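Peer 1: Listed below, chain by chain, are the residues.
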Amino acid sequence: MQALVVDDSGAMRRIQQKMLESLGWEVKTATNGEEALVALNGLPDCRLMLADWHMPVMDGLELCRAVRRDGRYARLCIVMVSSDGVIDSVQNALAAGANEFIIKPFTADALVCRIEEAMRG
Amino acid sequence: MASQAATWARLRAFVKNACGVVFTDDQEYLLEARLGPVASDNKYSCVADLVGAIGTMPPDSVIVRAVIDAMTTHETLFFRDAGYWRTLDEEILPKLSAQLNRRRMRIWSAACSNGQEPYSIAMLLEEHWPDLARNTEIIATDVSAPAVERARGGFYNNHEVNRGLASSRLLRHFQQEPGGFRVKQLLRDRIQWSVHNLLSHWPDPYDCDIVMCRNVLIYFSDTDRSTVLHRIEAAARPGGMIGLGCTETSPRKQLVPGWYEKPGYESVQAPAGTLSWGPSRGNVDR
Ligand SMILES: C[S@@+](CC[C@H](N)C(=O)[O-])C[C@H]1O[C@@H](n2cnc3c(N)ncnc32)[C@H](O)[C@@H]1O
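So the sequence lines, in the order shown, correspond to chains U and R.
Here the first sequence stands for residues 1 to 121, numbered as in this note's numbering.
Here the second sequence stands for residues 1001 to 1286, numbered as in this note's numbering.
I should point out that these hints are in silico values taken from the structure, not numbers from a laboratory.
Note that the structure is a prediction, hence the values are computed from the model and not measured.
Hints should not be assumed to be uniformly reliable.
Partial pick of chain U residues on the chain R-facing surface, computed with a CB cut under 7 Å [claimed, not checked]:
(1) Val86
(2) Ile87
(3) Val90
(4) Gln91
(5) Ala95
(6) Glu100
(7) Phe101
(8) Ile102
(9) Ile103
(10) Phe106
(11) Ala110
(12) Glu117
FRET-style restraints, in silico, Cβ to Cβ [what the hints assert, rightly or not]:
(13) U:Glu21 to R:Ala1033: 26 to 36 Å
(14) R:Asp1089 to U:Ser9: 50 to 60 Å
(15) R:Pro1178 to U:Ser22: 54 to 64 Å
(16) U:Gln91 to R:Thr1073: 30 to 40 Å
(17) U:Gly71 to R:Asp1041: 53 to 63 Å
(18) U:Met119 to R:Leu1171: 45 to 55 Å
(19) R:Glu1177 to U:Val112: 18 to 28 Å
(20) R:Tyr1029 to U:Lys18: 22 to 32 Å
(21) R:Pro1094 to U:Val112: 24 to 34 Å
(22) R:Thr1073 to U:Ala95: 17 to 27 Å
(23) R:Lys1095 to U:Ser22: 34 to 44 Å
(24) R:Pro1257 to U:Asp84: 50 to 60 Å
(25) R:Asp1060 to U:Met119: 23 to 33 Å
(26) U:Thr107 to R:Asp1222: 29 to 39 Å
From the three backbone atoms N, C-alpha and C, an ideal C-beta is built for every residue, glycine too.
This is chain U alone, in the form it adopts within the complex (with noise of 0.2 Å):
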């Protein structure tokens, strides 16, 4: 299955492509929100996209909220990932339409606990 990984910082990316690979996903990366939905139109069959919430050009929630707009979509489960672990953002999170709200850092088997919750939809 493939994945898209959404963030500005290559160790970042590196190391979430590293974690998913691991998990069996074939992972495609772009470094903010814009690059990463021109690589969503060439994915049809992405079913999970990890989005940092804080980049340049587009941030993680115009870039929920621009993928919810299109129904091509609709299969693809949301995690954001973001180091403010506060309420408010997990709810405004929510709100632009991510499944699965995440808090850097994180270890590979919490990043685990979170895609399954976002695939169980």
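Given chain U, work out where chain R with the ligand should sit, using these hints.
Peer 2: Leaving out everything else, chain R with the ligand in the frame of chain U:
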């Protein structure tokens, strides 16, 4: 001064006697790793001095409690093993709640660690079984007094909420605090906490509709394991459900991984001889 090996042997005997947890020879590294901090917090110059001292201390002293806490593994997470909780929600609660007949429901989480398991019960009930939630007694116990205190506080850091807790549940049942999140008062008030040792003569809860005893038997010897299996079954009412960890073997046939029924409710009778452990309750002198 006692050799490292002698100290390790002494500590192992102490911990086995105190709570049943056994270690292997090759876990000697745990001596320093786990007790080093307890020794320095309590101003002992080395772990050997600490281990030498605990033998004569009362079991409820702060230092003994800290040693037991350090030597037990508290690894846990919210809604550990999703399928186990789905079975509880979709099959067990419908059946058991129909048998209640105006009684209150009683659920015992028998090795609750830092509280994620009993809070998962409370969240699930509040979400899907709100009437039942108000009529359920949740009893949560653990041998480690510091673990019970952490659990009672209901405070979890970012890492702990990242694990197992759906974001919607975080929003619904927790409030923000510096450095993490605290379970809301409503749910905290639904759980009765106490320190309890599955291998001592302390009285157990009784007439429980559900007993969860998950991921703790693995640390015990065979004898202690069967003693505890008898005890938790005795704590359940006939027809009550017992939930072990999903990979643990049970004395009776499991309906789904982890869950089995205590026979005796109406027509449900186990034929004699189905027990794989002896019928008499083993007594442990502690
Ligand atoms: C790995 S945790 C399991 C927590 C939870 N039940 C779960 O499955 O996630 C094991 C717990 O068993 C507790 N424990 C160990 N020996 C015990 C005993 N004799 N009586 C009660 N609890 C005990 C430990 O303190 C620890 O918190």
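Peer 1: Each of the hints needs a verdict: does it hold here or not?
Peer 2: Okay, the hints, checked on the actual structure:
Below 7 Å, beta-carbon pairs count as interface contacts, and valine 86 of chain U has one with chain R at about 6 Å; its hint therefore holds. A hinted interface residue such as isoleucine 87 of chain U counts as satisfied when its beta carbon comes closer than 7 Å to some beta carbon of chain R; here the least separation is about 5 Å, so the hint holds. About 5 Å separates the beta-carbon of valine 90 of chain U from the nearest beta-carbon of chain R, less than 7 Å, and the hint is met. With 7 Å as the threshold, the beta carbon of glutamine 91 of chain U comes within range of chain R, its nearest partner Cβ sitting at about 6 Å, so the hint holds.
Of the supplied interface hints, the one on alanine 95 of chain U is violated, with its beta-carbon coming no nearer than about 10 Å to a beta-carbon of chain R, more than 7 Å. Taken as an interface hint, glutamate 100 of chain U checks out: its beta carbon lies about 5 Å from the nearest beta carbon of chain R, inside 7 Å. Below 7 Å, beta-carbon pairs count as interface contacts, and phenylalanine 101 of chain U has one with chain R at about 4 Å; its hint therefore holds. Annotation: isoleucine 102 of chain U was flagged as interfacial toward chain R, and the flag holds, the nearest CB pair being 6 Å apart, inside 7 Å.
Taken as an interface hint, isoleucine 103 of chain U checks out: its beta carbon lies about 4 Å from the nearest beta carbon of chain R, inside 7 Å. Contact between phenylalanine 106 of chain U and chain R, as hinted, is supported at the beta carbon level, the nearest pair being about 5 Å apart and thus within 7 Å. At its closest, the beta carbon of alanine 110 of chain U sits 4 Å from a beta carbon of chain R; the interface hint therefore holds under the 7 Å criterion. Hint status for glutamate 117 of chain U: holds, given a least beta-carbon distance of 4 Å to chain R, under 7 Å.
A hinted range of 26 to 36 Å holds for the C-beta pair glutamate 21 of chain U and alanine 1033 of chain R, which are about 32 Å apart. Take aspartate 1089 of chain R and serine 9 of chain U: their Cβ atoms lie about 39 Å apart, and the range 50 to 60 Å is violated. Under the hint 54 to 64 Å, the C-beta atoms of proline 1178 of chain R and serine 22 of chain U, about 34 Å apart, miss the expected range. At roughly 34 Å, the beta carbons of glutamine 91 of chain U and threonine 1073 of chain R sit within the given window of 30 to 40 Å.
Between glycine 71 of chain U and aspartate 1041 of chain R the beta carbon distance is about 59 Å. The supplied range of 53 to 63 Å therefore holds. Distance hint check for methionine 119 of chain U and leucine 1171 of chain R: the Cβ-Cβ separation is about 19 Å, which falls outside the suggested range of 45 to 55 Å. In this structure the supplied range 18 to 28 Å holds for glutamate 1177 of chain R paired with valine 112 of chain U, their Cβ-Cβ distance being about 26 Å. With their beta carbons about 28 Å apart, tyrosine 1029 of chain R and lysine 18 of chain U fall inside the hinted range of 22 to 32 Å.
At about 29 Å, the CB distance of proline 1094 of chain R to valine 112 of chain U agrees with the hint of 24 to 34 Å. At roughly 39 Å, the beta-carbon separation of threonine 1073 of chain R and alanine 95 of chain U lies outside the given 17 to 27 Å, and the hint is violated. The hinted range of 34 to 44 Å is satisfied by lysine 1095 of chain R and serine 22 of chain U, whose Cβ atoms lie roughly 39 Å apart. Distance hint check for proline 1257 of chain R and aspartate 84 of chain U: the Cβ-Cβ separation is about 37 Å, which falls outside the suggested range of 50 to 60 Å.
The beta-carbon spacing between aspartate 1060 of chain R and methionine 119 of chain U, approximately 46 Å, falls outside the hinted interval of 23 to 33 Å. Hint check: threonine 107 of chain U to aspartate 1222 of chain R, Cβ distance near 33 Å, so the stated range 29 to 39 Å holds.
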